Amino acid sequence: MQAVIEFLASLAPTSLLPVAVLLLMLGGSAVAWPLVVAKGDRNEVKRRLKVEE
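Under the numbering used here, the first residue of the sequence shown is numbered 2, with each subsequent residue one higher.
Check each hint, because a few of them may be wrong.
Stated by the list, open to error - What follows is a list of derived Cβ distance ranges for each label pair:
1. Asn44 to Leu12: 21 to 31 Å
2. Arg49 to Ser11: 16 to 26 Å
3. Leu24 to Glu45: 27 to 37 Å
4. Val38 to Ala4: 25 to 35 Å
5. Met26 to Leu50: 33 to 43 Å
6. Phe8 to Lys51: 36 to 46 Å
These aren't lab readings, by the way, just hints derived from the structure by calculation. This structure is a prediction, so every number in the text was calculated from the model and none was measured. We put the CB at the ideal spot given by N, CA and C, even for glycine.
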C-alpha cells in the first residue's frame, strides 16, 4: 500500500489524469462488485438494492 501511495504522490506535480483514472476504476469496481459476486442471481441483488419492478 505504501508503494501505491508513493507512486501516486510522485505523479502529483506532472499530471492528475492517471490518479483520476485509478479512482474511477476503483469506484467502478466497488459498484460492480455485488453483481460479480451474485453470479447472475439478480433477485438477490434487487432485494439488497430494493429495486421495484
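Verification of the supplied hints:
Restraint check, Asn44 to Leu12: a C-beta distance of roughly 43 Å breaks the suggested window 21 to 31 Å. A hinted range of 16 to 26 Å is violated for the C-beta pair Arg49 and Ser11, which are about 39 Å apart. A beta carbon spacing of about 28 Å between Leu24 and Glu45 agrees with the range 27 to 37 Å that was offered as a hint. Separation of Val38 from Ala4 is about 28 Å and conforms to the stated range, judged on CB atoms against 25 to 35 Å.
In this structure the hint that Met26 and Leu50 lie 33 to 43 Å apart at CB is violated, the actual value being about 22 Å. The given range of 36 to 46 Å is respected by Phe8 and Lys51, whose C-beta atoms sit roughly 39 Å from each other.
Consistency with the previously given hints fails for numbers 1, 2, 5, ordered from lowest to highest.
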